[in-house]
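Please model the complete structure; the sequences and the hints are all you need to start from.
Residue numbers (the numbering used here), protein chains in the order written: chain C, 5 to 287; chain W, 3 to 189; chain D, 1029 to 1290.
Honestly, I wouldn't trust all of these hints.
Unchecked claim - Stretch-level coverage of chain D by chain C, calculated; a stretch enters the list once three of its residues show a Cβ under 8 Å from a Cβ in chain C:
no.	stretch
1	1075-1084
2	1183-1197
3	1225-1234
If you're looking for bench data, these hints aren't it; they were derived computationally from the structure. Where is the CB? At the ideal position from N, CA and C, for every residue including glycine.
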Amino acid sequence: MTPGGEPGESVVTVDGVSFSYEGGFEALVGVSMRVRRGEYIAIAGGNGSGKTTLAKHINGLLHPSVGRVTTCGMRTDETSVANLARKVGYVFQNPDHQLFCTTVEEEVRFGLENMDFEESESAPKAQAAMELVDIVALRDRPPFTLSLGDRRKVTIASVLAAEPEILVLDEPTTGLDHHDSEHLMSTLRALNRSGRTIVLISHDMRLVAEHVDRAVLMAAGRILVDADVGAVFSDLELLREAKLVAPPITQVAHRLAPLGVSPSTFTPSQLVQQIEVLRGGGG
Amino acid sequence: MASGSSGEQGGKEPTGGAGFVSPKTVALYGVLTALTAAITFVTFVPFAPTKGYFNMGDSMVFFSAFAFGWRAGAICGGVGSAAADVLLGSGYFAPYTLVAKGSEGLVAGLIDRSGNGKRWIRIIAISVGGACMVATYFLSELYLLDVGWGAAIAEVPGNIIQVIVGGTVGSLLAWYVRKAYPTRSRA
Amino acid sequence: MTRFDDLYTEADTFLHRLDPRVKIFSVLLLSLLAFVLSHLLSLILLLSFIFLLLLLARARYSKTLFALKFVLRFMALIAVLWPIFDPSGTPVLARLGPVTITEPAIWRGITSAVRVGCLATVWYILMFTTSQRDLVRALVKLGLRFDFGLTLAIALRFFPAFGSVMESIIDAQRARGMEFEKGGVLTRSRRYVAVLGPAIVTALRTADTLSLALESRAYGARKDRTYLRDLRMSGGDYVALSIAIALLVVPAVARFAFEVPI
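What follows is the structure in structure tokens.
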């Protein structure tokens, strides 16, 4: 199930894209960015920043009014969404907006049926996808009766079954408690380690800081910054402009800066480590 | 409290005249009506070269009738579809739609009730209910709106296809919702 | 989601201030007037009058255009198809096999199309200038049972939300490779279930929460529900209603009693 291709090569290229919704609302203004194979990135921003609009350009659900988007070598405005779906798995925010089958397994196989896979091919693919997110035990249950965390996993399995190269997830931890949320994030990390490119859409900075390698911060349809998370979180001014709040740990680190703590600290273990070093140095 | 929750027993109040229907029914009918209107609206706008082109609204009419009975079919189907007409800017069609889709849901629901889920009864229910819809549109366009034979006939084939697809999908949905969302039993 | 915008546009024109009941009656009266008038010219006059009112109501250009889109198609359909099915009258302009095209039939088709145009646009006056809340309140005042009125209010309240839900579901299924245009009736039906199924379950969940909310807010505690702001007819409302009645009655009497061809 490991996708082929060179790591580091660009799989999504967004080039000077502007987009307006019917009625004239300008959701994206001159956006350019790229995603490389094997990356784990976040598109982050407040409500109405354009992050979901940008993500929907990756699999062709939206076409740019100006500019172009190329995904896995295909121009999105010249390729059908169904075709791009083989390359890009898009997990929507609300699982209830896509689950409709009477069993989990059927749900996971729905995408494969759409892509005309034979029964003999789709069964093992579905099995593998269910194993990846650990829902094999739920295969015969009706999806609607599952917990939100499990429903979300079913939606992830349902797009993973088609073995996409890129996985896009829109606010995947909404409504999950801390435990389920951490479990989901470690599943995503494992998927990324096995070679999948992951694009996370989120406004939750703690999540972004702790799990993602690179962050694209958006505000009012523009990209404010596109950099490693360390660099992004050292600039509180920038975060304020994006209507985002730095993770608590980073805020503490900023206040402790006079004592010698680095302001680009964004996980508890990093902070503890630095304090230990400082204490060790002092005594 | 005694008079506050008027619908403990659910469904229609037995008292005639001023008795209100239960909050459960108000919520269910309101939401189904909204969904019928929204589905008609959304599936109408992107394609639709003429009025009467296929939309999924009929699926909701049949679904409401088969899953929640003839009252739901008549009210949610009729009012929801008519509301979609108004919101789409075709308000002059709303009275005819109210009767056409309302009777479709009412008749299909009533016939289906006697069938205990037998397939051939349901097919009759869809056919007769659908015939009410097609006939209402045809006759009201011809005699009440006076649009002429051409425009009135032009709508008939599309409407018949809507009945066939809408009836099939509506039945599938009724079966599906009972399986996928079992807490909601037949009203 | 601009597409699910209400047709209503906030403004402070005399049409906005008019009692919604008067507007409902006036729209009905003007609709009847469209049937009383049989001449193309008088119907065009009525259509112009309706557009004048829309102008005075400061109807927004984009909304009018959106609403007109569907009506114009239907009008074109009537005007084109009428002469093909109506062979009566002379002079005959063309004969193509069994089809006879005559000049009066062409005019009759255009007349009917303009009448449908009047019937459609006269509704915009009501819809563009009356909020949904006022509309429901007027219907209840006119005798609609309060619980039915509430059902209607709930329906209007949730319509835009469900519209967005529908779009989101369609997007989600397309992202899983579903194509609407492909396959026969049976595979298509399954696809419709893939879209309508989640929508219905979402709606039923909403209904469950909503009925709890209704109960907890003492719905049905009194049969004669009172309103904070009651509807009351003012002098201007009576004047407007009288004008609307006159607009129907005068031409109706002229045509049916004195047989004036209008």
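Quick rundown of the hints versus the structure:
no.	hint	result
1	1075-1084	violated (count 0)
2	1183-1197	holds (count 3)
3	1225-1234	holds (count 5)
Of the numbered hints given earlier, the model fails hint 1 alone.
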